[in-house]
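> Protein chains in written order, with my numbering: chain A, 1 to 71; chain B, 72 to 462.
Simulated from the structure, these hints should not be mistaken for laboratory data. Even for Gly, the Cβ is constructed at its ideal location relative to N, Cα and C. Hints are not guaranteed to be accurate.
For each label pair, taking beta carbons as the anchor points, the in silico distance ranges come out as [stated by the list, open to error]:
(1) Leu-52/A <-> Thr-74/B: 40 to 46 Å
(2) Arg-179/B <-> Ser-11/A: 54 to 60 Å
(3) Tyr-18/A <-> Gly-197/B: 37 to 43 Å
(4) Asp-431/B <-> Pro-33/A: 51 to 57 Å
(5) Glu-418/B <-> Ala-71/A: 43 to 49 Å
(6) Asp-40/A <-> Pro-416/B: 39 to 45 Å
(7) Asp-40/A <-> Thr-124/B: 30 to 36 Å
(8) Pro-449/B <-> Tyr-18/A: 24 to 30 Å
(9) Lys-389/B <-> Cys-53/A: 32 to 38 Å
(10) Asp-19/A <-> Lys-187/B: 21 to 27 Å
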Amino acid sequence: MGTPVKSAVHSSLILVDYDHCSYCGACVAVCPPDCIILHDATLLIDPEACTLCRRCIPACPTGALTLGEVA
Amino acid sequence: MKTEYDVVVIGAGPAGSIAARMCAQAGLRVLLAEKRQEIGSPVRCAEAVGEETLAEFIPLDAKWIAAEVDHFSLTSSQRDTVHFPSLETTLVLERKIFDRELAHAAARAGADVVVKARAAGFIKNGTGLEGVTLIVQGVPHEVRCQIVIGADGTEAQSTRWAGLKSVPQLKDYYSAAQYLLTNVNIDQTVCQYHVGWSQAPAGYLWVFPKGNKTANVGLVIAVDPKQTRSAMDFLNAFVAQRFPASSILSQVVGGIPISNVLPEMVADGYLAIGDAAHQSDPMTAGGITNGMRGGLFAAQVAVEALQQSDTSRKFLKKYEKLWDDKFGADYRRLYRLRQAVFKIPEEKLNSMIAQMARLDAKDLTLTQTFKVFLKEYPRLIVDVLPLLLGK
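Next comes chain A alone, as it looks inside the complex:
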């Protein structure tokens, strides 16, 4: 799933599977640092602000979020 992405901050990051994401915002509400950006049919996670708390992963109704390793 997805190509590994380089991150200056963490050795892993939250990946969004866009085949499953419905842009509902369920993840946004439970994100303490408010690092998930949702605009219409766009969902982005700011890898620098993300603390990898992983609360968004089980909150997602479609299972679109996973923790991925950075290459």
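Once you have looked at the hints, place chain B on chain A.
Coordinates of chain B only, in the frame set by chain A:
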């Protein structure tokens, strides 16, 4: 759209539209801003609502009523079903049309309504709130106002800008998924609930008729980091089992806070309503009329605040008082009741429902129900009795 208003309402769901309408009716200059391109879409709701309660807000109109329901039923994972005596007619709405009608009513009352208008932040002077930056069709607009009403839903940003504690604990958050199914052969006069933790862990499923062989079939599950299956996985399993011949017309998903309302719903110049303020019922997560009531209370206090030229957090606390007087005790009870119910082991739950299913409808009183529950699960007295006694 102008550059200055008395009140800006962020979000044109039922709560926001009611708030905008009430403020406009009181003679205030109101802007109702919706981030999406179409009000009422996508629908994120099971769409059931009590008829009498709803009629307090808007005259009933057949064009947004999909089905009229006579009573509710509860089915266990072993497929025993209890039919509950009817308390009130329940309507299953067509939210796409309903939400648009409510926004239309706000516009008729004098509010300016704008879509594709995303709030990007507050304009502040020190701690004072002076307005909202809106991105309207891609163009930033600074809109000055004296009061902002945040009705921006579960994913609300306005609560964060206002400095409110809005991030729920995961155990107090439902992950939800729903299909609109067709070719379902159900009694269109009954709203079905289904319980069984193996089908929906710490949650429940519903089958709500929408007319013409269609139904909203969905579920909520309490978020659990140890759970590896998503809400959609559980829904697919249920649909495959119960409605194998159905087809899917649409799919909606979302998150719903069931934490009880925010500890603080106001800040200087700001009031949060609806899902932004976590106003959904902390047991069922039903939120349409409760959010609308929140909108009504917030508008009432906003109007008063502007009349008295006091938009301070202290003054706006009146809104929290109005809410608490109406819902506070019930919500605290429902919050604890949910936790008690979800502790009942599934086999006990199944056995309770099987026994209740054998009772005559006329014997399905609260006392009888409670007797069945106590026989099966004596611990319930410890968990629930204090709630019934109002402690």
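> Hint by hint, say whether it matches the structure.
Status of each hint after checking the structure:
no.	hint	in the structure
1	Leu-52/A <-> Thr-74/B: 40 to 46 Å	42 Å, holds
2	Arg-179/B <-> Ser-11/A: 54 to 60 Å	56 Å, holds
3	Tyr-18/A <-> Gly-197/B: 37 to 43 Å	41 Å, holds
4	Asp-431/B <-> Pro-33/A: 51 to 57 Å	56 Å, holds
5	Glu-418/B <-> Ala-71/A: 43 to 49 Å	48 Å, holds
6	Asp-40/A <-> Pro-416/B: 39 to 45 Å	43 Å, holds
7	Asp-40/A <-> Thr-124/B: 30 to 36 Å	32 Å, holds
8	Pro-449/B <-> Tyr-18/A: 24 to 30 Å	50 Å, violated
9	Lys-389/B <-> Cys-53/A: 32 to 38 Å	36 Å, holds
10	Asp-19/A <-> Lys-187/B: 21 to 27 Å	26 Å, holds
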